[in-house]
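There are 2 protein chains.
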Amino acid sequence: MTAPPLFPRVAVIGLGLIGSSLARVLRADPTLAGELVAADRSAAVCARVLELGLADRAETDPACAVAGADLVILAVPIGACADLAAAIGPHLKPGAILTDVGSVKQAVIRDVAPQVPDGVHFVPGHPIAGTEHSGPDAGFADLFRGRWCILTPPPGTDPAAVEKVVELWRRAGSMIEVMEPGHHDRVLAITSHLPHLIAYTIVGTATDLEEHLKSEVIRFSASGFRDFTRIAASDPVMWRDIFLNNREAVLEIIQRFTEDLTALQRAIRWGEAETLEHLFTRTRDIRRGIIDARQA
Amino acid sequence: MTAPPLFPRVAVIGLGLIGSSLARVLRADPTLAGELVAADRSAAVCARVLELGLADRAETDPACAVAGADLVILAVPIGACADLAAAIGPHLKPGAILTDVGSVKQAVIRDVAPQVPDGVHFVPGHPIAGTEHSGPDAGFADLFRGRWCILTPPPGTDPAAVEKVVELWRRAGSMIEVMEPGHHDRVLAITSHLPHLIAYTIVGTATDLEEHLKSEVIRFSASGFRDFTRIAASDPVMWRDIFLNNREAVLEIIQRFTEDLTALQRAIRWGEAETLEHLFTRTRDIRRGIIDARQA
Ligand SMILES: NC(=O)c1ccc[n+]([C@@H]2O[C@H](COP(=O)([O-])OP(=O)(O)OC[C@H]3O[C@@H](n4cnc5c(N)ncnc54)[C@H](OP(=O)(O)O)[C@@H]3O)[C@@H](O)[C@H]2O)c1
Ligand SMILES: NC(=O)c1ccc[n+]([C@@H]2O[C@H](COP(=O)([O-])OP(=O)(O)OC[C@H]3O[C@@H](n4cnc5c(N)ncnc54)[C@H](OP(=O)(O)O)[C@@H]3O)[C@@H](O)[C@H]2O)c1
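Those protein sequence lines, which keep their order, are chains H and L. Counting from 1, one number per residue, gives the positions in the first sequence under the working numbering. Counting from 1, one number per residue, gives the positions in the second sequence under the working numbering.
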């Protein structure tokens with residue numbers, strides 16, 4: 001007789017890049033998940049998910065999908081979490097674990113925690129992995145391999161529930177870090193939200209150029225610009241929600257960035273060769289750190 | 001009897017990423033180049049170049065290297081071009097072609113053209129290809145394949161000389177565009193100089209963080225930040241020279257960028273969901289253009 005899987009029934013809500021990648025991880029390991037139920041508001045996505053073999057069942061009604069599930073994974077834009085939590089809350093099985101993958105943690109906890117019934121364990125999470133693509137076809141099982149996953153369980157969360165979510169991400173190939181949600185939001189404002197905002201801005205600046213210049217920008221983009229366009233091709237709704245829900249931390253880091261840009265601008269204006277060379281040299285340390293940490 | 005190569009003798013000055021990549025292209029095609037002479041101010045680089053088989057001879061004195069050369073390629077930081085041109089000018093053979101690969105064109109023409117003797121053809125160029133690495137070991141022959149090379153010959157340049165430089169880049173696998181140097185400098189300020197400046201700034205902002213935050217920024221860099229660190233790992237001297245020599249165009253585009261960033265900042269502050277979503281959606285067109293142009 002084989003042991004039952006860690007999660008006999010799993011429901012994944014939102015089968016986009018992250019949700020479908022997790023579904024692929026769960027499908028690949030029968031000791032991890034038993035039945036897998038997908039929920040997506042789009043019937044076309046539900047059909048596609050079954051076609052891809054990513055779930056045993058697919059539902060457009062999330063309340064139906066979570067009934068009887070031991071693990072429920074929310075993988076939708078942050079702004080959709082409050083309504084979804086309200087819709088599924090009453091249908092969560094006692095003892096079930098609810099987790100999410102949202103890129104901001106304080107706001108998700110604020111929106112979701114009040115909807116979680118007693119006896120259900122809420123373990124918020126955020127995998128530090130992604131691409132600029134969306135939808136169920138964009139996912140792949142190796143997305144999380146070698147990457148970090150941050151968990152931000154509120155004080156008092158059942159350690160056994162946290163450990164099970166840790167195990168889920170371990171099986172996905174991730175390293176796990178547990179931290180306080182406010183700290184998560186400040187760190188990610190720097191490593192992720194500011195870079196995306198800057199990339200959106202610079203590509204936006206180019207979008208406003210006269211038509212003939214724009215076509216040349218496209219043609220000669222290999223000199224730096226194209227890397228920004230890849231970042232700025234990420235899902236607009238997901239990013240709208242991130243900026244609306246991590247406002248304070250993002251505004252603070254924009255402020256620092258702007259000050260630093262002004263200093264560089266002044267150095268260029270006044271032809272301060274040494275200042276420029278010094279600033280361009282010190283940034284190399286961080287790159288080396290990233291290469292050493294194998295996150296390059 | 002086989003026909004002589006297009007350039008019976010070539011001198012490459014500066015065997016860094018670009019110079020050594022071009023040397024590799026020239027070495028691979030005996031119908032393109034005959035004898036190849038390398039010049040680098042560093043004796044260690046000269047020795048390494050011979051070890052790698054990138055040249056027949058290597059000289060630390062550029063004046064010796066250019067004597068008798070049919071094609072001379074300047075592949076050093078822009079700020080070094082004036083002195084080098086003065087040093088080699090008197091030794092250039094009548095009928096020789098002098099070209100360069102500098103990332104700014106008006107400044108190089110300003111610095112180099114006065115040193116070019118009558119009867120020598122100066123054809124300024126700029127390959128739109130590169131990596132963040134430097135030195136003779138970083139080069140590779142395929143660097144220019146499928147990428148654009150921009151030539152900016154001053155009015156009146158001998159068309160036969162331009163055509164020979166075009167042929168050099170064609171053999172390197174590049175597409176060629178001829179344009180006015182001021183226009184080149186404006187386009188590159190957008191596609192290359194601003195992206196690098198922004199990347200240096202954002203990595204600089206992170207460098208100033210408190211130590212414990214910095215180590216987390218490194219750990220969780222896979223969420224956007226690390227792409228900026230790669231760009232900001234480029235050679236500090238090369239970039240110092242670019243900003244000092246394309247000041248007007250760079251300052252103008254920083255100004256536009258800053259205005260756009262301020263608008264986004266305000267939209268975040270006031271929670272303007274529709275503005276954000278709209279801005280994040282319109283940037284996708286440019287990405288699509290780049291993919292269609294096969295420069296992604
Ligand atoms: N992409 C990344 O790089 C990344 C990395 C780490 C974490 N995350 C987080 O992961 C979550 C999902 O991102 P993703 O990249 O997987 O996005 P995605 O590919 O665009 O998928 C989003 C999913 O959410 C569904 N959805 C959108 N709005 C909804 C609404 N109002 N109500 C119910 N369902 C809705 C979508 O349904 P349809 O099928 O109808 O569109 C889709 O299934 C986000 O919270 C994001 O912050 C993303
Ligand atoms: N990297 C790119 O992405 C890229 C792309 C297109 C065009 N470019 C242009 O290509 C040129 C070379 O860049 P690279 O990437 O090949 O740089 P690199 O790898 O750093 O090589 C620079 C070369 O120039 C030499 N050099 C530096 N300062 C000098 C001086 N004052 N006098 C004489 N020689 C000097 C260096 O000599 P040592 O051996 O002594 O260091 C080295 O051989 C630059 O003008 C740059 O604007 C670069």
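Calculated from the structure, these hints are not laboratory results. Incorrect hints may appear among the rest.
Identical chains blur together in the list; that is why a pair holds if it fits in one copy or across any two.
[As the list claims (entries may be wrong)] Here are the simulated lysine to aspartate or glutamate pairs, EDC-like style, with alpha carbons at most 20 Å apart:
no.: 1; residue 1: Lys-214; residue 2: Glu-177
no.: 2; residue 1: Lys-93; residue 2: Asp-29
no.: 3; residue 1: Lys-214; residue 2: Glu-51
no.: 4; residue 1: Lys-214; residue 2: Asp-227
no.: 5; residue 1: Lys-214; residue 2: Glu-180
Quantities reported herein were computed from a predicted structural model and do not represent experimental measurements.
Hint-by-hint comparison with the structure:
{"no.": "1", "hint": "Lys-214 x Glu-177", "verdict": "between (43 Å within a copy, 16 Å between copies)"}
{"no.": "2", "hint": "Lys-93 x Asp-29", "verdict": "neither (23 Å within a copy, 71 Å between copies)"}
{"no.": "3", "hint": "Lys-214 x Glu-51", "verdict": "neither (40 Å within a copy, 44 Å between copies)"}
{"no.": "4", "hint": "Lys-214 x Asp-227", "verdict": "within (16 Å within a copy, 23 Å between copies)"}
{"no.": "5", "hint": "Lys-214 x Glu-180", "verdict": "between (44 Å within a copy, 17 Å between copies)"}
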